[in-house]
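Chemist: Listed here are the chains, written in short residue letters.
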Amino acid sequence: MVKMKAIRISISSIVGGGICVAASDGQAVHREIYKVISSGERAEISFFGVTRMTTAFLNAAVGQLYGEFDEETLKKHLAPPVDFEEWHLRRLKMVVDRAKAYFSDRKRIEEIFDSIKHDDDD
Amino acid sequence: MQGPIPKGRADLSDRLMIDICAYEIRADMRGFDALARLHTELARFSDEKIGIDCQRLGWIDAQLGACLLTIVNLSRALGNDIQIFNIAPRIQSILQKNKTLLGSRADVHGTTIPITQFDRDDEVKFSDFTRSRLMRREMPRMSDGLRGKFFEGIDELFANSALWSNSPIPVFAGGQYFPRLDRLSFILSDGGQGIQGSLAAAGRQFKAPEDAIDWAMEMNNSARQGDIPGGLGLGILKDFVTMNGGCLLVCSHSGYWEARNGHVTKHRISGIYPGTAVSLEINTSDTKSYHMQSSINPHEIW
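Those protein sequence lines, which keep their order, are chains S and A.
According to this note's numbering, the first sequence is numbered sequentially starting from 1.
According to this note's numbering, the second sequence is numbered sequentially starting from 1.
Please note that a few of the clues may not be correct.
Derived contacts from chain S toward chain A, CB cut-off under 7 Å, selection only [said to hold, decoys possible]: (1) G18; (2) V21; (3) G40; (4) G49; (5) R52; (6) T55; (7) A56; (8) L74; (9) K75; (10) L78; (11) P80; (12) L89; (13) R98; (14) K100.
Listed next, the in silico SDA-like pairs over lysine to any residue satisfying Cα-Cα at most 20 Å (straight line) [unchecked claim]: (15) K93(S) - N297(A); (16) K93(S) - K49(A); (17) K93(S) - F85(A); (18) K49(A) - F85(A); (19) K125(A) - E85(S); (20) K75(S) - N297(A); (21) K288(A) - G17(S); (22) K93(S) - S295(A).
None of these hints come from the bench; they were simulated from the model.
Predicted model, so just to flag it, every value in this text is computed and none were measured.
Glycine residues also receive a C-beta, built at the ideal position from the N, C-alpha and C atoms.
Sequences and hints are given; from them, build the entire structure.
Modeler: The following block contains the structure:
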C-alpha cells in the first residue's frame, strides 16, 4: 500500500498571525486544505501560533469540507492535527461534529424535497 | 459623522428637544426599554437639529454608551445633528471617559474599555483591541481558563454580528470593569436587521422577537443555509455564562432575552431597539477550570 504524502497546512502562516477569527481567513485556509485533498494528498493541519479562534473561522476552514467530500474521504485525506493545544482540539471537534450533523440533515431535507418534487411530477 | 456625541448648552439652543424619559439606564430590561424609546423618538425626524435632554437621568451604566452611539449614529444617518443637554456632571464624566461623549477625560483607574467602532470585516482589529485593553494591569487578574473563555465569547459575538447584522453603520463595542464587585461587563451593539429579521430573511418565522432570540441562543440553531455550517457561537456564550455565574442579555428590536444565574427570562419591550445589543457580564473571581475532563484524541477528530 502506498502511503500518502502529508502536506503541512500551517493555519497561522496562511492567516498571517495567530488571530484566526474571521470567516474570510477561514476561507483562505479552506482553499489550501481543499487543494491538498483534491490532489490526492493528505493534509496535516498545524495550530502552531494560533492564539484566538472562532467557530466562524473553523466552520469556513474545515466545516464546509463535510459538504464537499464524504466522511470516509476526509478521514483518509486529513491527518491528525499537530502543534495543538487542548482548546484548539475541543473547538475543532465541536465544529466537525456540528458540520457532520448539519450536512447529514441538509441531505435528508434535500431528499424530502426531491421526493415531494417527484410526487408532484407524478 | 460617527464619533462621540457633543454636549450643547440648553440656554443657547433652538433645537428640537427630546427627553430621555428615564431616571436611570442600566443594562436590564428597563434600561433597554428607555434606549429603544429614545430611538423610536429620534427615528421620526430627518435633517433636524436635535437635542437629547438628560435632565431626569441620574445614572447610566457606562458600557451602554455603545447603545447610545448606535442610536445617535442611525439618527445622524438621517441627516440629524445631535447634541446632549442637561447632563449631570457625574454621568458626563463617565461617558467622556469611555469616549461616548466628546471631550477628553482621563480614565485614572484604567477600568474602562472605551466605546470603539468597528466595521463588519474588522474581526482581527476587534480581537487586537480587546486583547490590548484587557491585558492592562488595572484589568482583572482572571485565571487563564476564564480569560480564554471570555475572549472566545466576545470573538464569537463579533463574528456573529459580522455575519448577520447587516448594519448600515459600524458596530460599537466597549466595556467596564467593576473591581469591587469582581465584574467585567462588555457590550456589542449594531444597528442592523435584528435577530428576528435575520432569521426571517433565512425563511424562519417567529411570532415574537423574544422567541427568535431564544431560538438563536440554543446550541446548533442557526439561520445559516448553504455550504458553511453555523450555530455554535451564541450557544457557546450562553453555556459559558451559565457556568461562570455571569449574565448575558440580548435586546434585539422589541425582543429582550436574559440569562442570569442560569435562569432565562424573555420579554417584549415597548420601543424598538435599532438592531441588536448583546451584553456580557462575567464574574472575574471565578476560578473554575474550563477544561473538559476528558481530553480529545487527535486521531479521532475527523
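Chemist: Which of the stated hints cannot be reconciled with the structure, identified by number in ascending sequence?
Modeler: 1, 3, 4, 14, 16, 17, 19, 21
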